[in-house]
Amino acid sequence: MLKENMSRIRHSILGFFAGVIVTYIIILSFYCVNNEAALMLMVFDFLFVSLVFPLDGTFVKKISLLLIGNVIGLLWNTVFSSFAYVAACYFGEFLNILYILLNPLLNLIWVVSFWSISLSVLASSKTAR
Amino acid sequence: MTAYLIRHYVFTLTVLNRAHNRKKTAVTTKNEAYQPPVSILIPAHNEERVIGRILQGMTKLTYPKDKMQVIVIDDGSTDNTGETAEGYAKPHNYIKIIHRNQREGGKGKASALNTGLKQADGEIVFCFDADYYPQRDIIEKLVAEFTDPKVGAVQGRVTVLNEPQNLVTRLVALERIGGYRVDQQARDSLGLITQFGGTVGGFRRGLLKSLDGWDESTLAEDTDLTFRVYLAGYKIRYVNDAECYEEAVENWRDYWKQRYRWAKGHMQCAFKHSLKVLKSSNLRLREKLDGLLLLNVYFMPILVLLSWIVGVLLFFSHPPQWFSIFWALIPISLYSFVGNFAPFFEVGVGVYLDGRTRAYWLIPLLIFTFLYNIPICTKALADLFISKILGKNCNHWDKTVHSGNGNSYIIN
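Residue numbers (the working numbering), protein chains in the order written: chain S, 1 to 129; chain D, 1001 to 1412.
Just so you know, these hints were derived from the structure itself, not from any lab. This structure is a prediction, so every number in the text was calculated from the model and none was measured. Hints may contain errors.
[Said to hold, decoys possible] Cβ-Cβ distance ranges computed for the label pairs, FRET-style:
| no. | chain 1 | residue 1 | chain 2 | residue 2 | range |
| --- | --- | --- | --- | --- | --- |
| 1 | S | 87 | D | 1282 | 57 to 67 Å |
| 2 | S | 19 | D | 1013 | 14 to 24 Å |
| 3 | D | 1371 | S | 16 | 39 to 49 Å |
| 4 | D | 1276 | S | 31 | 45 to 55 Å |
| 5 | S | 109 | D | 1102 | 28 to 38 Å |
| 6 | S | 15 | D | 1282 | 26 to 36 Å |
| 7 | D | 1310 | S | 89 | 24 to 34 Å |
Backbone N, C-alpha and C define an ideal beta-carbon position, used for all residues, glycine too.
Bound-form chain D, shown alone (with noise of 0.2 Å):
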């Protein structure tokens, strides 16, 4: 607990020094000028009310169409969501539909996200789930990282749409910004584990193909693909200025759907590479150690409670004076794995950076997204156990079902 205290203590440090610095100093410009052809896959299942917003997002975007392809991999969906996007294939050739039937559909994104790989034909991969919307030059902002040979991903930043929605959408931007504006920010500056957050981010085809495209076998394809990019001796980038806008979950049970399902996929890809990260001869001392940190934060929640637990017991068995001072450090060891798992510190400068003046006010309630993580968390480990012993599959897809709502803040 205390190593992720320091870690998110250290990121924050780190973005406000970089904040400080880039006050002083000019900003330098990426070579915008380097467009490869890319390919953008766009997953979907049953989103027929989203679809055409990100849709919409595309054909607005900047980058030369000539050098872009879209494919939108209807996966298996009941709804309208081919027709959908048929309606946008047809006046732009760019725009490529795969329907895949509901026996061949509907296993997860990691399965529609390799359908689609197969037919990308651009020299970088980008995804974007279909919720998001896009920023007119993304692709130039994130395409421009990939002139250093050793960048193999890039990540951009995820901002929420439906923020003013409610209460949930918001303490979930808040999360966000953490999680993106200051986490990965000072991850990428400290030179440490980029995090591809599973969309909003490209890969070289080439680097994809190598590594057999997406594991179909894990709930957390992008942490898995994270750490193979690195384990291959390749670095991911991550690109504050490239900022997509996504439609977050807008109560309390699609947000256990939602965490539940990373957090088991986290814990599977923590079993997997914990091992591989730390024999690596292509990271470094401290990517490893990042790496490991990253790789198990999802056990943290687990941990606090063990924590309270173990600390009630220690308090009725004559404690020793060293308990109170143990008692007293885990309000601030609880609040690092609040929600995206960023401390109130870390949220309070990630929103200050935005100027999101009026969002500082709801950072005390985060309290409730921790509280939230800890049932969520557990209730992972256990499945996740139980499956094992029990030789069960326990790889089902519960996909986030998308309103729409969304749609009424974008101003075309």
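Next comes chain S alone, as it looks inside the complex (with noise of 0.2 Å):
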């Protein structure tokens, strides 16, 4: 009973900390990249908080891929942008737009990528279980 108490303060801890965590992201994302790589990430964190935690898997296990999740689509994003402002830079504001044009479609691959990646690693928990 005691184990267990412990367990769930442990979880509880741990998850208001990835959340602030995750929080802090999403507003660097916001001020430092754009307004649709702040917006991919609520919408990647909702769906992944709401269909990936129920599934099979340690606690540790999910938030530690939420938070890589988070990670990785901040650094895409703003990889991505940087490229986009260099080249707009040196090759003209055409390049800009194909970018903005072209960000859902980018932003889509890391999302399903690393939903893909995710499910791999929660299904191995569940085969060894």
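Take the two lone chains, each set in its own frame, and fit them into one complex as the hints suggest.
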């Protein structure tokens, strides 16, 4: 009983800190990258928490995946927006427009790929169980 | 688009909860002792490469053979379909072959099924495509649902037999998982419109007769029948455990032909049934809503295309602030309409629940089927309109060719 309560408290603390970190990442992406990046991260977090957390696997593993996903999303958007900025400076505004138009699909690549990887990681827990 | 996205999200959550609850509670067994006489219709038009496989499957069914009638409708075949089927009919007296000559046959699946229905005398009439291979106890599993008098039809699960063959078959398999393991299961659990998929399903013969069988004037006779069953006040149940294995299309050309037919037929049904669904007194509000979403699902890829065009135009005409938010939502919406119109999270959860660990890696590649579905559905709608304007018959049944490669995946 005591062990169970301790584990619950540990999970709550871990969840709280993870929530704080995720919030910081979203704010960071909103101010330092662009609106779309922040929105994509929010959508990703919502889907991930509601649909991946009920699956098999330890809480720590799921929280770690969520944090890694957010970091990847932030880096992905930072890298691509930097590329777009540089390209627009060198080759003209046209490339910036192209980036904005393709941005949703570029985001899709990391979201879906990371989703697949996360499921594989959690599936290994299921298999082990 | 948002409505579809929410719908798929709710479906995914429902299936997850169901799987979670099933772990906790004991699985209730259906009344498998209920064994009424059944008729199984197998329409076949130039299916010599696969007809032997399904008839072999029929001989291995565990359902009592004295209560079973298998009717193969050799629908104007120009190959050896009829001869191969006759080879199975000789030693098995419950297998019957109906030969239609080339003048009568080849008019589409609905026409062939109606011919078979006239000869069927089972209480329940099942329908299987010639390229399928059934589980041995599939009939017991499906027929058990008919103990409920409100159930007018039942649908089993379709799984891809030749999945390892190439990328196209693997992607089709993912679509099937999303469509059946999650979509159909959720609709059944939530009491929404469970769709009869045209095969691996059965109907009460009396109901079928009262509905005048399959409608030959539409290309999606299965969707049409689904709605006619619901409008008549009956339900369709989905049985996930009743699996049947199909030979999926093997290349992009065949994928186009098959999906184009589905899209066009579905659109015909949308024009035919949308208003009836809204007005029906036999349907609850949630069934009406789900019915409308289901009927109009093939218009969504066209809407996605339009949203891209409008988005680009808006961008070049001094976009307002909300535009960027709208733009960021597009990818998630887009993925709601991939292939079998199941988004990545739905397919992901379906694959997870099936325990298909390696299939996850292919989910990002569903983008190809999504992109492919945009021109398919757009062309289907354009052709439908053109044929309406010109008053031409647009119901040409472009048959999917089955190579028989799936045979190598069956271990006897």
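Quiz item: Which of the numbered hints above does this structure break?
Solution: 5 and 6
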